[in-house]
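**Student:** Sequence:
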Amino acid sequence: MNWLTRMFGTTTSHGPERRILAALTAPLPSAEARLEACRFAVVDVESTGLDVQKDLLISIGAVAIEKEQIRLADQFEAVLAQAQADTRNTVLLHGLGSEAIAGGEDPATVLLRFYQWSGPAVFLAFHAGFDRHMVERATREQFGMVPAREWLDVAHGLPALFPRYGEGRRSLDDWAECFGLANHARHEAAADAFVTAELALIMLRAARRDGLHTVADLQKKVKLYQQLQQMKSL
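Going by our numbering, the sequence shown opens with residue 1, and the numbers climb by one from there.
You may find that some hints are simply not true.
Unchecked claim - Here are the simulated lysine-lysine pairs, DSS-like style, with alpha carbons at most 30 Å apart: (1) Lys67 / Lys221; (2) Lys67 / Lys54; (3) Lys232 / Lys67; (4) Lys232 / Lys220; (5) Lys223 / Lys67.
Quick caveat, the hints were computed from the structure, so don't treat them as lab data.
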């Protein structure tokens, strides 16, 4: 039984199925798209652990940035029901125990709503590799496919644009402290996504300050900075 049959009991080419397929195959903005014209979806996830191959995605928090503004009314938050989730080692960190996760939503439903909410956005995250892998792995498990999306890493962009502050700063807390930002609900996906969005906004404004106008410009800046850092370490 495929996922459309599982959710709707039919696999016709009409109704909800078409909207779902549209959400999963929304066109990407070009790498040459101007930063101020892009919709950004700032994403943070919580999981049962840090093993991207075995641990389970249990919550997604996200907030939109458009026209260099955080859209407070344009947010996403959901807990995924995971029957096999073992939270004994992580419940104290993110506060999501077995009861909360059991009361969550069907993972396929959450992921579809997430992609419908984000639309053809550029995704931003702090240490984006982890968030991306967890979201994409869960998507592949549910649907057998992963929508193509551009992911930018705020943890890489900040030191590239603020090199004098980059030494020794690695974590979300480090950079939040650097810019005087507070996070009163650390390790809750929605709260961490909002702090990441504040840092992302700082990053995007600094990109404009430095004459970076497109997604590709920002990617090149980050890559060049990383290459220079590697050369210094030789």
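**Student:** Run every hint past the structure and note whether it holds.
**Tutor:** Hints, one by one, checked against the model:
no., hint, in the structure
1, Lys67 / Lys221, "holds (21 Å)"
2, Lys67 / Lys54, "violated (38 Å)"
3, Lys232 / Lys67, "violated (36 Å)"
4, Lys232 / Lys220, "holds (18 Å)"
5, Lys223 / Lys67, "holds (24 Å)"
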